[in-house]
Structures are given as C-alpha cells and as structure tokens.
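Peer 1: So the protein sequences, as listed, match chains A and B. Note that this note's numbering has the first sequence beginning at 4, numbered continuously upward. Note that this note's numbering has the second sequence beginning at 9, numbered continuously upward.
Calculated from the structure, these hints are not laboratory results. Hints are not guaranteed to be accurate.
[To be verified] Keeping only pairs whose Cα atoms sit at most 30 Å apart, straight-line, the calculated DSSO-like set for lysine-lysine is: (1) B:LYS188 with B:LYS165; (2) B:LYS269 with A:LYS7; (3) A:LYS37 with A:LYS70; (4) A:LYS132 with B:LYS159; (5) B:LYS188 with A:LYS125; (6) A:LYS132 with B:LYS165.
These numbers come from a predicted model, not from an experiment.
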Amino acid sequence: MYYKELYTTRPGGQLPQLVRAENENMQSRYVVQKILQLREEGVELHDIAVLFRSSFLSFDLEIELTKANIPFMKFGGFKFIETAHVKDVVAYFRVLDNPRDVVSWNRILLLIEGVGPRTAEKIIDDILKKRVQPDDGNSALPTTRFWQEYHNYPEQVQTLFHVLGQAARPSVPPAEKAQQILQYYAPILKARYDDHQKRRKDLEMFQNITERYRELGPLLTDLALEPPNESIVDVESPGPETEYLTLSTIHSAKGLEWHTVFIIYALEGRFPTMRAVASDEELEEEQRLMYVACTRAKENLIITYPMNIYDRESGMILTKPSRFIEGIDEPLLEPWVVE
Amino acid sequence: MAKKFTLQPLPTDHLHLIQPQHLKINYRQELNPAQYEAVTSVNGPHLIIAGAGTGKTRTIVYRVSYLIELGVKPSAILLLTFTRKAAFEMMRRAAVLLDGRCEQIAGGTFHSFANNILRKYAGLIGYDANFTILDQTDAEDVINLIRTRLKFDTKEKRFPRKEALYDLYSRSINTLTTLKDLLALDYPNYLEQEADIHAVHAAYVQYKRQHNLMDYDDLLLNLTVLLKQHEAVRAALSDKYKYIMVDEYQDTNRMQAELVKLLTFKHQNVMVVGDDAQCIYSFRGSTIRNILEFPQEYPGCRVIKLEENYRSTQPILNLANEILKRTSFNAK
Numbered sequence: 004m005y006y007k008e009l010y011t012t013r014p015g016g017q018l019p020q021l022v023r024a025e026n027e028n029m030q031s032r033y034v035v036q037k038i039l040q041l042r043e044e045g046v047e048l049h050d051i052a053v054l055f056r057s058s059f060l061s062f063d064l065e066i067e068l069t070k071a072n073i074p075f076m077k078f079g080g081f082k083f084i085e086t087a088h089v090k091d092v093v094a095y096f097r098v099l100d101n102p103r104d105v106v107s108w109n110r111i112l113l114l115i116e117g118v119g120p121r122t123a124e125k126i127i128d129d130i131l132k133k134r135v136q137p138d139d140g141n142s143a144l145p146t147t148r149f150w151q152e153y154h155n156y157p158e159q160v161q162t163l164f165h166v167l168g169q170a171a172r173p174s175v176p177p178a179e180k181a182q183q184i185l186q187y188y189a190p191i192l193k194a195r196y197d198d199h200q201k202r203r204k205d206l207e208m209f210q211n212i213t214e215r216y217r218e219l220g221p222l223l224t225d226l227a228l229e230p231p232n233e234s235i236v237d238v239e240s241p242g243p244e245t246e247y248l249t250l251s252t253i254h255s256a257k258g259l260e261w262h263t264v265f266i267i268y269a270l271e272g273r274f275p276t277m278r279a280v281a282s283d284e285e286l287e288e289e290q291r292l293m294y295v296a297c298t299r300a301k302e303n304l305i306i307t308y309p310m311n312i313y314d315r316e317s318g319m320i321l322t323k324p325s326r327f328i329e330g331i332d333e334p335l336l337e338p339w340v341v342e
Numbered sequence: 009m010a011k012k013f014t015l016q017p018l019p020t021d022h023l024h025l026i027q028p029q030h031l032k033i034n035y036r037q038e039l040n041p042a043q044y045e046a047v048t049s050v051n052g053p054h055l056i057i058a059g060a061g062t063g064k065t066r067t068i069v070y071r072v073s074y075l076i077e078l079g080v081k082p083s084a085i086l087l088l089t090f091t092r093k094a095a096f097e098m099m100r101r102a103a104v105l106l107d108g109r110c111e112q113i114a115g116g117t118f119h120s121f122a123n124n125i126l127r128k129y130a131g132l133i134g135y136d137a138n139f140t141i142l143d144q145t146d147a148e149d150v151i152n153l154i155r156t157r158l159k160f161d162t163k164e165k166r167f168p169r170k171e172a173l174y175d176l177y178s179r180s181i182n183t184l185t186t187l188k189d190l191l192a193l194d195y196p197n198y199l200e201q202e203a204d205i206h207a208v209h210a211a212y213v214q215y216k217r218q219h220n221l222m223d224y225d226d227l228l229l230n231l232t233v234l235l236k237q238h239e240a241v242r243a244a245l246s247d248k249y250k251y252i253m254v255d256e257y258q259d260t261n262r263m264q265a266e267l268v269k270l271l272t273f274k275h276q277n278v279m280v281v282g283d284d285a286q287c288i289y290s291f292r293g294s295t296i297r298n299i300l301e302f303p304q305e306y307p308g309c310r311v312i313k314l315e316e317n318y319r320s321t322q323p324i325l326n327l328a329n330e331i332l333k334r335t336s337f338n339a340k
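Only chain B is shown next, with the shape it has when bound in the complex (with noise of 0.2 Å):
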C-alpha cells in the first residue's frame, strides 16, 4: 500500500526562502542599504526608527510589496497609520509599485479598526451594532448634562468644567494612570472631590451604554475589552492580522500599545515604525515610552535606523541634529 503524505500548511517562517531574484521588484537596487534592510525584515518584532525625511513612507510601501510577492495573503497583512488618508496613500503607492493585491490589505487608524471589528462584535459587549461615535464636543455637552443632572452646578465648591472632566477621563484612560493621580498632577485644588469626580465618570459610562454611544477612547477601549475578555475573538484576529505593521508609532498612546500586544500575541510579527525624536502628541495622551520601551516588551527585536535624508540641505540637517543634541535647558 502506497505510504500517506499528509499536506500541512506551509509555516508562515517558510516565506524568506523564496530567493531574491524570483521577485518582480528589485529592492536592493531600489533601496538604500538600511531602507532595504527594513523592507525585508519578515518574521518577528521590529522597531524601524525613521528619522525626518528618510523615506518613511517609502520604505513601508515597498514592504507591503515585498510580503505580498513572498506570498503573504493581503489581508493578513494590517497597516495602522495616523490618519485614513496616510494608509490609503501607502496602499495606492504600493498598488502601483506592484500591483492592485497591495490594495487590498486592511489599512487604517486605530480608531477605523476599532470601529470595524466593533460594529461585528457589538453583542459581545452589550452594544447595538448602530452606535453612535461621539466627538469630543458631543463628549463633554453629555458630560455636562450629567454633571448637571447631579447637581453638581449648583454645590458652593467649585467642580471641574466639563471640560477639564473630559479631558480627565479622556487621559485617565489613554494614559492608564488613575484620576487621583491625574488630578494631584494638573488639578491639585480638584483633589478633594475626587469621589464626586468618580461619581460623574460611572454615570457617563452608564450613559453611553443606556444610549448606544461611544466615545472616541471607548473604541480603543472596549477593543481593548473585548480582546481580553474573549479569547476567541483574541485568536481569531491574532491569526487573520499575520503581520501587522504600525506607523508613527512615536505618537501612539498606553492602550494602542496594548492592543498591538494583544494582536500580535500569537505570533509577534510586528513592525513598528517611527521617530522618538518626532512625538509631540502627549498632550493627546501618547507617549514617547512606547517606542523607546519596544525593544524590552518584545525581548528579540531587531532595530533598525534610517538616517539618510532626502529633503533637506546639509546645513538645516546640521541645525536639526544640534537643535536635538542640546540637553542644557532644564526646567527651571
């Protein structure tokens, strides 16, 4: 009797053997030495650390290119940028580069992809599908209600605005820092009504499920949640986003970093890509820890540095790398 060969799909580590010159595109040539090097790092966590004008874009557009001619499907391929408009540009670039498969990756903002997956999962976490996205305006006319639904308009001590409170729970929550801890940092004088600060917060939560809104941190955050808490839909994602790639990673914020850890978990192929010398988001919760601490959250990363420039003249980069050495102005 003739012996079985069981057919097993292939591992995804199988892909690098495919030999430079069966591919279409020429990287090596099109590519300066660390551009290339980035471009054809495949399997496993890597922090890509792209200064200003080093081809940034370029570099992640060839590859989304390079993976797809390894044979990586599109759509286990997911790119997270800072705006719609970037990931869109980037599949365009990389459709022409290659060829119209490149389109067809998931690409995104955080928050679109949390959206996505909500609006499929909603059940899961006692939400419509239909809910309503609140911005930050809508965020604070209901906080403000609510705070006046409580009285608390009206008691003789002054109580935060619904704009400090908004800015409170927003930060509380991107920063995983505590109110109280918030509060002594930028609101001393508020520290002593912490309880009623926390009363408002439970109400507003209660709110929004009541009414099937969501804030913008309720999408991360209640990704976040339902990531955690079902291990199905943890793993199904994990297995769909094979390789997932995230782009000005300086700007990212405590739970964006957590939900690239849960996403990844089953296989740690990530690429991050940014500047630790560009984040200038923290007032909007990011934090430059996040790309400085890649390397020990995901221990076997490989950094990679792009430092040849294609915008500016040597004298501005001249004032630039200065400007950047100078640490000789500490706070008073």
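Looking at chain A on its own, in the form it has when it is part of the complex (with noise of 0.2 Å):
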C-alpha cells in the first residue's frame, strides 16, 4: 500500500467511542437514545448515519427506530430496476426497442393469463422466424406492419399486440408510451402483487424518468447503467416528515459524510464476516472497509457491537470485537459498557 498519514489543522474534537453491548437488542436500544439524545443536541437526523458491513445487520435496529418514531432510510438494499413491476414495465419498452429481446417478449407474454411457457415459446418463434430478420443490419426497427401482424393470436395477446403497435409509432414520445403501457398493465399489477398501491409509485417515478427523453433507445440505456438507485417498495418511507436517518451498508456509504456516524455490529464474525476470515486478500478489503466506515465522520464516530450472537452456521457464540478495533484502547478509542 502507499504509505500515507491523514491529519487536519482543525483543532479539538471528541474521542471516537467503542461500545459494548449484552446482546443485540440492547444495542439497538442504545443506538435510538444515543440518536435521541444527539438530536436534542440539535444534530439533525439527515447529520446522522448507522452503518453496517451487511444489509440484514440492521433489521433489529429497524423495529427499535419504528417504535421511537425515528424516521429512516436504508440503502444498499434492492434497486430499483431490479423490482419486478419496474422490470415488467420496462420489458414492454424493450421489445419495442430491440424485437429480437426474447427475454423480455417472454416476460412480457408470461404476464397474460393463460398463457404459459410454451404458447410463448410458439409465439416468440413466430415473431422470430417470420416476422424479424436477424440479419438485415441496419434497419432492425420493425415497422408499423410488424405490430399490426397478431391477428391468429389468443385474443389477450392480440390486445398487447395492438397496445404495443400504438405505442411503437415513432411519433408518440416515450412519456406517452409509457401512460399507454402503464394503463394496459395496471390491471396486471393489480392482480399480482398484493401490495400494488406502493408499488404504483415506483412506476410514477418510472414515468417521470420518461419525461426527461425523447427517444427510447438513450432511455433504456441510461436505466440499464445508470438506474435509480433504490426502489420505494425497499426503502422504509419517512413520510410527509423530511428529516430522516440513513441506515446503509458501507459499500454505499462511499464518497458520503455525516456528523455522527454509528459502526454496528462491529463484532468479530459479522464485521469480518465469517467468510473473509479465511483468506488474507479478503481479510484485507474488509479492513479497508473499515477504514472507509470510520472516515465517513466528521464530528462523532461510534462503534458498536453486541456480544452472545448465535452464528448458525458455524455453531459458534460471537463476542469478540472486531479485529480491525480490538485492543485499541485510549488514548485512540474509548471504552464504553452499555448496562
């Protein structure tokens, strides 16, 4: 590595803490007062971040926010256009775009009652075979003709087929694609998912990605590589309350800051996790995960870890801090007990 000091000419400033806790639980409770009290303090919640090594660490600490009505956010979750509903959608504009996408006509097909693998598979090669010619280079576009084609079809195919025509004219901007495709599949949504109201929102957000483009090809590219980040069924809504509390994993804390920064479950077999302990490349980039959690601070860092955590895989009972802290005592870090 190259050797390097950081240093600030900023004077003062407080003495990172280590906090030990009995079990889980209790860390969790100490989190939400230590948070409660900052806030008194008048640190705003939007100054404070809890950060973990992996995404399911925090669900105890997520009940005790709830029950105190602190509001929060979590990243490092599920994204947004990995949901299923965005993907649907998103599928409908992709055959639109690419006729040869088989993966997405066989999404797409799948969604029409009663039609199951194999009237799609029929379907899909007779969109293939007849209608598309892979090999005619440059005008790979299907034209007005090739959506007007579905009239031996089940009569619910036909139905998508003359929503997808309409929607496919290269007059009507993908805004409005999407308000036509969006109104075919809301039933759909409806039907699948039970929990389509908050659903529904990420599909608004869907469509008001839509307005900023004016053409389908750089708007398919921009959510295959660029995607919002998280989804709103994952993320836990705050609420017409503004002020929030991030909850993230390290890995998408990178590049952030806050005043206060909370390091949970900085145990050892969590934080290394069980499986880095074995290899020394890996033990390595979980120190450096480490060191990327502690410089996210800028006023206030505390670390926690809870001691008697059942592993079940191993069989083991974790209490040890983690080995990245252990044994660092004042005049660097100091000694803190939760009773």
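Reassemble the complex: the two chains are provided individually, in unrelated frames, and hints are given to aid placement.
Peer 2: As structure tokens, then:
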C-alpha cells in the first residue's frame, strides 16, 4: 500500500467510542437513545448515519427505530430497476426498441393470463422466424406492419400487440408510450402483487423518468446503466416528514459524510465476516471497509458491537469485537459498556 | 521569392508554456500544495493517491478547468467516473468555476462510455446499433434458459445454478482469469464439470449475439475487442481523447485498466485518481493491483499524495490511520 497519514489543521474533537452491548437488542436500544439525545443537542437526523457490513445486520435496529418513531431511509438493498414490477414495465419498452429481445418477450407474454411457457415460446418463435430478420443489418427496427400482424394470436395477446403497436409509433414520445403501457399494465399489477399500491409509486417514478427523454434508446440505456438507486417499496418511506436518519451498508456509504456516524455490529464473525476470515486478501478488504466506514464521520464516531450472537453456520457464539479495532484503547478509542 | 513558413499544429507539451499570471483562476491560492501539484500536472502518466476527505473531487474539478484554460479542447478531455452522477457533478462544478466549456468534456462511467462508442461501431463487431443491454437478472435468466435447453437441469450430477454461472462468467471476464482457475478457487466441487460449464458459456455468448443482446461485461469486453482488432478506431479514439482522467481508480477491474491502456496508447496522458485504502469492490471484480501497479505499467509516472483532510476531526483521523496501520490480523 502507499503509505499515507491523514491529518487536519482543524483543532479539537471528541475521542471515538467503542461501545459494548450485552446483546443485539441492547445495541439497538443504545443507538436509538443516543440518536434521540443527539437530536436534542441539535444534531439533525439527516446528519446522522448508521453503517453496517451487511444489509441484514440492521433488522433489529429498524424495529426499534420504528417503535421510537424515528424516520429512516435504508440504502444498499434492492435496486429500483431490479424489482419485478419495474422490470415488467421496462420489458414492454425493450421489445419496442429491440424486437429480437427474447428475454423481454418472454416476460411480457407470461404476464398474460392463460399464456404459459409453451404458448409464449410458440409466439416468440413466430415473431423471430417469420417477421424479424436478424441479419438485415441497420434496419432492425420493426415496421408498423410488424405490430399489426397479430390476428392469429389468442385474444389477450392481440390486445398486447395492439397496445404495443400504438406505442411503437415514432411520433409518440416516450412519456406517452409509458402512459399507454402503464394503463395496459395496471390490472396486471393489481392482480399480481398484494402491495400494488406501494409498487405503483415506483411506476410513477418511472413515468417521471420517461418525461426527460425524447427517444426510447437513450432511456433504456440509462435505465440499464445508471438506474435510480432505490425502489420505494424497499425503502422505508419516511412519510411527510422530510427529516430522516440514514441506514446504509458501508459499500453504499462510499464518498458520503455525516456529522455523527455509528458503525454497528463491529463484531468478529460479522465484520469481518466469517467467510473473509479464511483469506488474507479478503481480510485486507474488510479492513479497508472499516477504514472507509470510520472516515465518513466528521465530528462523532461511535462503534458498537453486541455480545452473545449465535452464528448458525459455525455453531459458535460471537462475543469479541472486530479484530480491526480489538485492543485499540485510549488515547485512540474510548471504551464504553451499555447497561 | 519569399521564404515559406508552414504552420504546424502545436505539440501538446507546448501547453505548459502558458504563464500562470494569464490564467483566470489563481490555482496556487485556491489549492493546497499537493492539490496544486496534481492540478497543474499536464502531460504524461500521473497517479494521485487521494486519502478520504482530502478534496479529491475539488482536485479533479480544478484540473478540468486548468486544462481548458491552457487551451485543451473540452472534447479532448475524457473523464471516467464510478457513477454518471459523479461525472456530471464534477463537470457542473468546473463550469461554475471557469465557464460552460467545462460541461462539454466527455464524461461518464466506463460502461456508458463503452456504450456510446459501441453504438457507433456496432457493425464492426457484428452487432446492430440498437442492441439491448441486459442487467444482471436478465443475464441470469438467459443463462437459465440455456441451462435448461441443454438439459443441465435434469442431469444426475448437480450443476451450478444460474447465479453461480453468471458470477463465474462475469468474474472470469473482469479479472481475466480462466474458468478453471476460478472453479478451483471458489467452486472446487464443480471442477469436473468444467467442460459443460464452458459449453453453457459458449451457448450464452452465441445466444446474445443472435438476439442482439449485451450484458454489462460485454460492453467492456466488446469495446476491448473493437479497440484491439480495429487499429483505425483505436487511433481515432486515442487522438480524440488527448487527456484522460479516471476517478476511483482503486475500484477498476483488469479490463478497465486495459481499456485505459488502449485509449492512451498514443500519448500516455492519463491521470488516475484514487485511494488504495478504499478499494472495497473486489467481489465485483475490481482489483487493488491496478492502482498498486500503475507506476510500473506507466514508466515515468509521477505519484502525488493528498493527505490533508478537510472532513474529520484529528481524533477520528488518528483512529482511521491506526486501523490502516495494523497488520497483525492474518488469516487463520
């Protein structure tokens, strides 16, 4: 590694803390109380983050935060574009843009009630063999006729082709295409997902995104390459209150900073993970993750770990602090215990 | 008869002859000495080791502005970043600092850059310009389809699932490692099926080609192929992008490093910026070796370190420095 020593000319500052809790829930309650206390001292929620090695490590804390009525957003979960309903809608757009996209054809045909894998394959085969010429070079975009040749298909498939045919017209801008497709998709969404209300918000977001584009190609490329980060379904919505606390994996916290940073589960076996313990290279990467986590803090850094965590895979009880901080004491790190 | 004087294009290393007092921005005053050195380094290869909170973005923003003040055409500057948002943010800030020319530089991620180039030259590598980009789950679905088609789902012996297959293929490409080596390392119980795993891969590659599909890795891979096989394209791009900057270099993979090499082959005017201590994406194929070996890969490279932190208090920095220094936790 390149040797370097970070320094600042700014004077003062509090010592980072290492806080031991008897169990997971005590760790969670400690974090909640500390956050409430900081808030009373004038530190706003949006200037506080709780970081962790893996996404599942915050579940217990999330419950305690909800109890204490502290709004939060969690980062590092599923991505917007990877959620099923957004993928459904994007698939319609993809076949408009590239009718040889069999993956998307398959997806949208299977969404139709009464169309199983076999029917879907037949239809796709027909689309590919008879009407799309894979090798005709530049003019791979479908003609209006392409979308109209659907007379022999089951009725529901005819409807799909009709909608696609309308949306395919080059004079129709992407936002309007989205409107037509979402209108077609609405009953499907309702039928397939119990939480369709919540999911509809993602689709509204999708509609908003389409408004920024004049052409389909760039829209799809951007969605694939630079998707909006989080799905609304997966992010705990903070409601009308705009102030919220950040929960994030360390990976998703890269490049960001907060007044106060908590690093929870700095527990040997969780951070570093069990898996990483076997390899020098992976251990070094975990060490760098700890470094990244610590350097997110501007004023306060609080590292916590719970004891008595049962690890199912190994059958071990985890009790020791992460090896990356174990043995570091004053004057670098102030030890605390939660009672 | 009058003597003739033929005008030649100015060589790029002429740029540094411009005197600082003629610049609009007082770079020396607005930057610390290490940042200033980085910003005003123009030609040749440079590695900027930028510690956490040391003003890395600021340094890149000022360098874009500096290059443009020296007379470099905005379109000759290529800025590759980790997210497209980061690139736009830097360009926007540079535009506020200097002027609108800073927003005309070419900026984006490796993948978006590859996408743009490939849309233009798709024909040369056997694709249509309207190819569809598969994200990871799409790619896994295709692999699953092929896995089923080739009847690996009903074989007596356990065959890797779509997720494992995608992971193998992707890392094989991104780390330039053979499937066999990866299998030996991470999936030793599937080593015997190496031939079958290769067969599924071959079918997957063919399938994508047939249906005009590219997964994320294909974007980089196909760009590499394009640049390697078509010297005219390589030369044109290297001539076009005379100054290349790469942000977050610690998180690049082998193929991205190779792309940088191909793009800079004519001039070696490349500045990579990053922090080896913050390399945390090896599970996606990034390798700390790119940043560690950069000086060997580019002889004559200058290394500049940014160590003054503007974010944290000294006690927090002391702890962070200590965490990095400790090496007594070797694997069991």
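Peer 1: Indicate, hint by hint, whether the structure satisfies it.
Peer 2: Hint check:
1. B:LYS188 with B:LYS165: holds, 18 Å
2. B:LYS269 with A:LYS7: holds, 27 Å
3. A:LYS37 with A:LYS70: holds, 15 Å
4. A:LYS132 with B:LYS159: holds, 23 Å
5. B:LYS188 with A:LYS125: violated, 37 Å
6. A:LYS132 with B:LYS165: violated, 35 Å
In the structure shown, a violation is registered for the earlier hints numbered 5 and 6, in ascending order.
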